[in-house]
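Chains as they are written, first to last, in UniProt numbering: chain A, 1 to 106; chain B, 1 to 106.
Since the hints were derived computationally from the structure, they do not count as laboratory data.
Ideal placement from N, C-alpha and C gives every residue a C-beta, glycine not left out.
Treat the hints with caution; some may be incorrect.
Partner residues are not named here, just some residues of chain B that face chain A (Cβ under 7 angstroms, in silico) [what the hints assert, rightly or not]:
no., residue
1, Leu30
2, Tyr54
3, Arg75
4, Leu105
Single-letter residue listing:
2 protein chains.
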Amino acid sequence: MQRVCFLLKVRQHRLAEYRERHAAVWPEMLEALSATGWRNYSLFLREDGLLVGYLETHDFAAAQAAMAATDVNARWQTEMAGFFEALDGAKPDEAMRPLTEVFHLA
Amino acid sequence: MQRVCFLLKVRQHRLAEYRERHAAVWPEMLEALSATGWRNYSLFLREDGLLVGYLETHDFAAAQAAMAATDVNARWQTEMAGFFEALDGAKPDEAMRPLTEVFHLA
């Protein structure tokens, strides 16, 4: 299993709405994530909008590609794009660049 | 299980040394973390020194307190303190403030 951590930045004035949307993610989106191998996937939010994603998967590049190929992900990422700073035209899922793991204790 | 995520900032000029230290954490420190309930504990480092911690535990406050009571933790945190920015005199483990989890998919 790969452990993957990425960071994004939610716009300050949309934090409340971001929280609400993620308390009610579409069931179809959850099913697609599970079907494409996204496991133990959490999102953590700091007060200033810094967002930390953590997940476990066999192959993150493959999980990203499989998710990107689903219709539901295209719809979801289009709706989410406006919540984030500095994506430079990319979709949020395209901006999920893994950090380097420097320590792990099982 | 609680899923806990915290952020710290490693000083830019000490990044290489931080990585080296965490590739060779003292066995006694690893044993103490396991014994006090720190599970699936990872540290991820961004190029600019932003450090993300992720772990799972039954009760983070209890796991922190139990770890803080060990001799090895006192020695480790004293050595680590100089690696971090803006601790304002606190030890690194005292500065681990959990972010809010806004989404989870098992």
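Hints versus structure:
The closest approach between the C-beta of leucine 30 of chain B and any C-beta of chain A is roughly 6 angstroms, which is under the 7 angstroms cut-off, so the hint is satisfied. Because the smallest distance between the Cβ of tyrosine 54 of chain B and any Cβ of chain A comes to about 5 angstroms, under 7 angstroms, the interface hint for this residue holds. Hint status for arginine 75 of chain B: violated, given a least beta-carbon distance of 17 angstroms to chain A, over 7 angstroms. A cut of 7 angstroms between beta carbons decides the hint on leucine 105 of chain B: the least distance to chain A is about 4 angstroms, and the hint holds.
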